[in-house]
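Let the sequences and hints guide you as you build the complete structure.
Number of protein chains: 2
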Amino acid sequence: MVKYPTITKTFVKDKTSSKNRGMAFEKLIDESNAFYRAQNKAVIHKKPVPVQIVNVDYPRREMAKITEAYYQTPSTTDYNGIYKGKYIDFDAKESSVATSFALKNIHPHQIDHLASIAKHGGIAFILIMFKKQDTVHLLPIEPLLTFVKRAEKGRKSITYEEVLTHGILVEQGYRPSIDYIKAIDQLIAR
Amino acid sequence: MVKYPTITKTFVKDKTSSKNRGMAFEKLIDESNAFYRAQNKAVIHKKPVPVQIVNVDYPRREMAKITEAYYQTPSTTDYNGIYKGKYIDFDAKESSVATSFALKNIHPHQIDHLASIAKHGGIAFILIMFKKQDTVHLLPIEPLLTFVKRAEKGRKSITYEEVLTHGILVEQGYRPSIDYIKAIDQLIAR
Numbered sequence: 000m001v002k003y004p005t006i007t008k009t010f011v012k013d014k015t016s017s018k019n020r021g022m023a024f025e026k027l028i029d030e031s032n033a034f035y036r037a038q039n040k041a042v043i044h045k046k047p048v049p050v051q052i053v054n055v056d057y058p059r060r061e062m063a064k065i066t067e068a069y070y071q072t073p074s075t076t077d078y079n080g081i082y083k084g085k086y087i088d089f090d091a092k093e094s095s096v097a098t099s100f101a102l103k104n105i106h107p108h109q110i111d112h113l114a115s116i117a118k119h120g121g122i123a124f125i126l127i128m129f130k131k132q133d134t135v136h137l138l139p140i141e142p143l144l145t146f147v148k149r150a151e152k153g154r155k156s157i158t159y160e161e162v163l164t165h166g167i168l169v170e171q172g173y174r175p176s177i178d179y180i181k182a183i184d185q186l187i188a189r
Numbered sequence: 000m001v002k003y004p005t006i007t008k009t010f011v012k013d014k015t016s017s018k019n020r021g022m023a024f025e026k027l028i029d030e031s032n033a034f035y036r037a038q039n040k041a042v043i044h045k046k047p048v049p050v051q052i053v054n055v056d057y058p059r060r061e062m063a064k065i066t067e068a069y070y071q072t073p074s075t076t077d078y079n080g081i082y083k084g085k086y087i088d089f090d091a092k093e094s095s096v097a098t099s100f101a102l103k104n105i106h107p108h109q110i111d112h113l114a115s116i117a118k119h120g121g122i123a124f125i126l127i128m129f130k131k132q133d134t135v136h137l138l139p140i141e142p143l144l145t146f147v148k149r150a151e152k153g154r155k156s157i158t159y160e161e162v163l164t165h166g167i168l169v170e171q172g173y174r175p176s177i178d179y180i181k182a183i184d185q186l187i188a189r
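So the sequence lines, in the order shown, correspond to chains R and H. Reading the first sequence from the start, the letters are residues 0 to 189 in numbering that gives the first Met the number 0. Reading the second sequence from the start, the letters are residues 0 to 189 in numbering that gives the first Met the number 0.
Rather than coming from a laboratory, the hints here were simulated on the basis of the structure. Some clues are possibly wrong.
Which copy? The list can't say, so a pair holds if one copy fits it or any two copies do.
Taking lysine-lysine and the BS3-like style, the derived pairs with C-alpha atoms no more than 25 Å apart in a straight line are [as the list claims (entries may be wrong)]:
hint, residue 1, residue 2
1, LYS45, LYS181
2, LYS118, LYS148
3, LYS64, LYS46
4, LYS92, LYS46
5, LYS130, LYS45
6, LYS118, LYS45
7, LYS181, LYS26
8, LYS92, LYS148
9, LYS45, LYS26
10, LYS130, LYS26
11, LYS83, LYS46
12, LYS92, LYS130
13, LYS92, LYS118
14, LYS64, LYS45
15, LYS103, LYS148
16, LYS26, LYS46
17, LYS155, LYS103
18, LYS45, LYS92
19, LYS83, LYS118
Next comes the structure, spelled out in structure tokens:
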């Protein structure tokens with residue numbers, strides 16, 4: 000029997016990173032938020048999915064069963080909360096393309112909302128996961144607005160290099176899986 | 000024909016107040032929030048009602064119809080946002096009893112959430128509407144916690160007088176119908 004050298008491990012990149020791969024990005028953020036709350040570091044929650052309820056049945060007195068409802072377009076972003084006394088607001092986006100992030104992934108009203116939060120003194124950004132690279136980036140609303148402005152006449156996406164330049168790389172690990180608070184610290188320190 | 004004197008108006012109390020009466024308290028707050036946003040004064044939204052979605056049909060390709068879902072207990076409060084750079088978090092409650100507000104109207108996890116927000120430097124409170132009096136009061140989390148503590152051994156409600164003493168009376172009007180931002184200003188000034 001040929002004894003193959005056990006070189007498999009060499010090909011395994013960062014352990015925790017590959018562990019996270021494949022898990023829904025949102026779920027990783029939810030886990031991270033639960034961790035931050037448990038550590039008393041920040042209180043940040045995901046908002047419920049907005050649903051328009053049309054019909055409700057009451058099969059039992061104490062039980063309401065919704066039998067007809069429809070998804071609604073969210074009027075804000077998915078996540079908000081408080082960290083170090085500051086209001087935090089963001090949305091999470093994924094890109095399956097390695098080279099760029101398409102701006103059509105963000106609703107115009109989400110951009111408006113984030114811009115408005117920044118005007119009122121809050122910390123507003125998007126988290127972008129590049130699935131091919133398995134990297135997560137915090138992109139503040141200010142550069143994002145510049146790219147949205149550019150898209151009116153020019154390219155409708157942000158290149159990966161631009162995200163690297165204008166964003167902050169978010170560390171991935173075990174707990175929290177997506178350590179975006181560390182990236183917020185860098186943003187505050189700027 | 001007997002000509003009755005038109006004294007009806009004499010019995011109509013404060014016009015805007017009676018106009019608001021009967022409208023759902025939540026709807027009045029939503030309207031006020033929309034007004035604050037339009038005036039660029041604050042960005043505060045109501046969170047969607049949390050729903051656990053069990054089954055979704057696709058009668059048409061572009062249309063998702065939720066056919067089975069259930070209400071979930073919210074893990075936080077209903078309203079949050081930003082005002083003057085500060086994180087704002089609150090819930091809205093109503094009392095049909097003129098003399099007191101029953102503490103069972105607030106979930107323990109909502110109390111915990113508000114206490115946690117205050118610890119992180121946010122502004123946390125509940126808005127109570129006394130329907131009989133048609134008055135609205137902002138009660139900060141700090142006195143609320145004292146009453147919750149008292150309820151462990153003593154009375155399970157807050158008297159109307161206690162709400163008057165420890166809370167801030169919220170002006171009602173036409174736009175905004177529930178001017179709780181003015182009450183927040185008083186709270187900040189304390």
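Hint check:
When the C-alpha separation of LYS45 and LYS181 is checked against a cutoff of 25 Å, the pair qualifies only within one copy, where the shortest distance is 19 Å, while the shortest distance between copies is 28 Å. Taking CA atoms no more than 25 Å apart as the test, LYS118 paired with LYS148 passes inside one copy only; the shortest distance there is 17 Å, against 39 Å between copies. For the identical chains of this complex, LYS64 and LYS46 are neighbours both inside a copy (21 Å) and across copies (21 Å), given an alpha-carbon limit of 25 Å. In this homomeric assembly, LYS92 and LYS46 come within 25 Å of each other (Cα to Cα) both inside a single copy, at 15 Å, and across copies, at 20 Å.
In this assembly of identical chains, LYS130 and LYS45 lie within 25 Å of each other by CA distance solely inside one copy; the values are 21 Å within and 32 Å between copies. Taking CA atoms no more than 25 Å apart as the test, LYS118 paired with LYS45 passes in both settings, with 22 Å inside one copy and 20 Å between copies. Taking CA atoms no more than 25 Å apart as the test, LYS181 paired with LYS26 passes inside one copy only; the shortest distance there is 19 Å, against 38 Å between copies. For a Cα distance limit of 25 Å, the shortest separation of LYS92 from LYS148 inside one copy, 19 Å, qualifies, whereas the shortest one across copies, 43 Å, does not.
For the identical chains of this complex, LYS45 and LYS26 are neighbours both inside a copy (10 Å) and across copies (23 Å), given an alpha-carbon limit of 25 Å. Taking CA atoms no more than 25 Å apart as the test, LYS130 paired with LYS26 passes inside one copy only; the shortest distance there is 15 Å, against 41 Å between copies. For a Cα distance limit of 25 Å, the shortest separation of LYS83 from LYS46 qualifies both inside one copy, at 20 Å, and across copies, at 22 Å. Taking the closest pair of Cα atoms, LYS92 and LYS130 come within 25 Å of each other only inside a single copy of the chain (10 Å); across copies the shortest separation is 44 Å, beyond that limit.
For a Cα distance limit of 25 Å, the shortest separation of LYS92 from LYS118 inside one copy, 22 Å, qualifies, whereas the shortest one across copies, 30 Å, does not. In this assembly of identical chains, the alpha carbons of LYS64 and LYS45 lie at most 25 Å apart whether taken from the same copy (23 Å) or from different copies (23 Å). Only within a single protomer do LYS103 and LYS148 lie at most 25 Å apart by alpha-carbon distance; the minimum there is 13 Å, versus 50 Å between protomers. Taking CA atoms no more than 25 Å apart as the test, LYS26 paired with LYS46 passes in both settings, with 13 Å inside one copy and 19 Å between copies.
In this homomeric assembly, LYS155 and LYS103 come within 25 Å of each other (Cα to Cα) only inside a single copy, at 8 Å, whereas the closest approach across copies is 52 Å. Taking CA atoms no more than 25 Å apart as the test, LYS45 paired with LYS92 passes in both settings, with 14 Å inside one copy and 23 Å between copies. Taking the shortest alpha-carbon separations for LYS83 and LYS118, both the intra-copy value of 18 Å and the inter-copy value of 10 Å come in at or below 25 Å.
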